[in-house]
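Student: Here are the chains, one letter per residue:
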Amino acid sequence: MTARHFTAAVLLLFVAACHKDEEKETRETLRSWRNTIELVQSQRERHNVPAVYAKQVGKHAVDQLSKELQKPHSREIREEAERVIALAGHLREAQT
Amino acid sequence: MKKKDLMNLTLGIITSIGGFLEVGSMATAASAGALFGYQLLWAIVFSTLCLIFLIEMSGRLAAVSKRAVADAVRERFGFVFTIFPRLLEVLVNLLVLAAEIGGVCLALELVTGWPIAAWAIPVGIVLWLVLWFGTLSWIENSTAILGLMTIAFVVAAWKLHPDPHELLKGLIPSRPSEQAAKYWFLAVSIAGSTISPYMFHFYSSGAVEEEWDEESLTSNRMTSIIGMGFGCLMSIGVMIVSARIFLPLNIQVDSYEQLAVVMSPALGRWGFPMFVGSLAVCCFGAAAELALSTGYLVAQTFGWNWSENRKPRDDARFSVTYTIVIVLAMLIMTIGLDPLKLTLFSMALTAVILPAVAMPFLLLVNDEHYVGKHRSGWIGNTVVVIVVLVASVIAIVAIPLEIAGGS
Numbered sequence: 011m012t013a014r015h016f017t018a019a020v021l022l023l024f025v026a027a028c029h030k031d032e033e034k035e036t037r038e039t040l041r042s043w044r045n046t047i048e049l050v051q052s053q054r055e056r057h058n059v060p061a062v063y064a065k066q067v068g069k070h071a072v073d074q075l076s077k078e079l080q081k082p083h084s085r086e087i088r089e090e091a092e093r094v095i096a097l098a099g100h101l102r103e104a105q106t
Numbered sequence: 133m134k135k136k137d138l139m140n141l142t143l144g145i146i147t148s149i150g151g152f153l154e155v156g157s158m159a160t161a162a163s164a165g166a167l168f169g170y171q172l173l174w175a176i177v178f179s180t181l182c183l184i185f186l187i188e189m190s191g192r193l194a195a196v197s198k199r200a201v202a203d204a205v206r207e208r209f210g211f212v213f214t215i216f217p218r219l220l221e222v223l224v225n226l227l228v229l230a231a232e233i234g235g236v237c238l239a240l241e242l243v244t245g246w247p248i249a250a251w252a253i254p255v256g257i258v259l260w261l262v263l264w265f266g267t268l269s270w271i272e273n274s275t276a277i278l279g280l281m282t283i284a285f286v287v288a289a290w291k292l293h294p295d296p297h298e299l300l301k302g303l304i305p306s307r308p309s310e311q312a313a314k315y316w317f318l319a320v321s322i323a324g325s326t327i328s329p330y331m332f333h334f335y336s337s338g339a340v341e342e343e344w345d346e347e348s349l350t351s352n353r354m355t356s357i358i359g360m361g362f363g364c365l366m367s368i369g370v371m372i373v374s375a376r377i378f379l380p381l382n383i384q385v386d387s388y389e390q391l392a393v394v395m396s397p398a399l400g401r402w403g404f405p406m407f408v409g410s411l412a413v414c415c416f417g418a419a420a421e422l423a424l425s426t427g428y429l430v431a432q433t434f435g436w437n438w439s440e441n442r443k444p445r446d447d448a449r450f451s452v453t454y455t456i457v458i459v460l461a462m463l464i465m466t467i468g469l470d471p472l473k474l475t476l477f478s479m480a481l482t483a484v485i486l487p488a489v490a491m492p493f494l495l496l497v498n499d500e501h502y503v504g505k506h507r508s509g510w511i512g513n514t515v516v517v518i519v520v521l522v523a524s525v526i527a528i529v530a531i532p533l534e535i536a537g538g539s
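One line per chain: the protein sequences are A and B, in this order. The first sequence begins at 11 in the numbering used here and counts up one residue at a time. The second sequence begins at 133 in the numbering used here and counts up one residue at a time.
Each statement offered as a hint is correct.
Each computed EDC-like pair below joins lysine to aspartate or glutamate, with the alpha-carbon atoms no more than 20 Å apart:
| id | chain 1 | residue 1 | chain 2 | residue 2 |
| --- | --- | --- | --- | --- |
| 1 | B | Lys505 | B | Glu346 |
| 2 | A | Lys69 | A | Glu90 |
| 3 | A | Lys77 | A | Glu89 |
| 4 | B | Lys443 | B | Glu341 |
| 5 | A | Lys77 | A | Glu90 |
| 6 | A | Lys81 | B | Asp386 |
| 7 | B | Lys198 | B | Glu342 |
| 8 | B | Lys443 | B | Glu342 |
| 9 | A | Lys69 | A | Glu92 |
| 10 | A | Lys81 | A | Glu38 |
| 11 | A | Lys65 | B | Asp470 |
| 12 | A | Lys69 | B | Asp470 |
| 13 | A | Lys77 | B | Asp386 |
| 14 | A | Lys34 | B | Asp386 |
| 15 | A | Lys69 | B | Asp386 |
| 16 | B | Lys473 | A | Glu35 |
| 17 | A | Lys34 | B | Glu310 |
| 18 | A | Lys34 | A | Glu86 |
| 19 | A | Lys77 | B | Asp470 |
| 20 | A | Lys34 | A | Glu78 |
| 21 | B | Lys473 | A | Asp73 |
| 22 | A | Lys69 | A | Glu48 |
| 23 | A | Lys34 | A | Glu90 |
| 24 | B | Lys473 | A | Glu78 |
| 25 | A | Lys65 | B | Asp386 |
| 26 | B | Lys473 | B | Asp386 |
| 27 | A | Lys77 | A | Glu92 |
| 28 | B | Lys473 | A | Glu38 |
| 29 | B | Lys198 | B | Asp447 |
| 30 | A | Lys69 | A | Glu55 |
If you're looking for bench data, these hints aren't it; they were derived computationally from the structure.
Just chain A, same shape as in the assembly (with noise of 0.2 Å):
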């Protein structure tokens, strides 16, 4: 094996490492601010956290959220998106 042969199986092998599945990693990222919020939520309504935290967590999600909507992605995910940016608009009104 040569050397440029071997250069180019890594650089191979290292793209094929970089591979992601963005609609999956959207999905999974959707998911975990969800059960975030509502596991924030929770533990809101039995006042283990301030008002103060839960407008922050709602806050960061707006955020962050917003930011993949500016994303090319199925309608499917845009809404679902949509649905979860809601939920932490609710959180981020937390009342004091």
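Chain A is already provided as a structure; the job is to place chain B on it using the hints.
Tutor: Just chain B now, with coordinates in the frame of chain A:
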């Protein structure tokens, strides 16, 4: 053992426990727990084993040779050989210091709602005032004793009833079924956050400041083993809590905001304040140690005067060094970098530079000229060489993959 020695030993152990957990170990253990459950437990345990040996070696070197690590390396290998690894270390320390200041700011943001960037300068100023006016033992002991609140993670882990069989399985390295790049990136980040070179520079410089001698070797060994061992338990506690709360809900830790709720299901109303308190105190303690450690490192490399116990005017260049480092770290945090990403990358970078830092030091603790008859045994040497080299090689491969978004 005399009563005073016992007191010093107890304080040393408390310092090690309280000083173990910081923003890096919290972030890496929590991210790993959320994504892979207990699968990366081995990374915490092996790294701690390596750290125990390195901390014991640095204390032994200081007690016998009366030299701190950086000082002895410069004397033995010369300035030219020393300067490049030290430069790398200072750069990594700067990033880690910024991440620690970011951790304190984040704790303040969580309770006040004011953004991290707004807190960076006040936190930096308070840190500088503490170093400028405080003494080494005061800084060490106060932050470490407050840092004991991190035991809350162990209590929360206990209350969540982790499966012992699964925990034992986590002690054996295994291949992940998916997200291999993330898995290895987190493994080296755990290694980097645990085997932080600043810790053994700080420890050996502290030993020189406190005038340890050969009689201190037993307490040095016990402090390293018991202190670091219990500290490791705290990290394991973070991983367990994250694995029990976040993994079943498929919550990835993408930001510290998500992490702050992790103890609430187990500790109820105490969970949030304990998390915020632990984050603030541990990060502040680590930031103080990092700034001092960088001052020690630079001063010892250039052969300047250095001591935290003297007045700043008596070792002006040492004091100016930590002042500059604090200002730069403060500025990094004011530009609005994501503190979690900064933490994870600086921890992985720490793993990359480990061989350049640990290997010369390893030669010294096997050199009779420095440690006399107290040379290191083959077990310690082997563990350190293997863990340091493996962590560094994995980091070199994993960092580009992580940057490229590998899965």
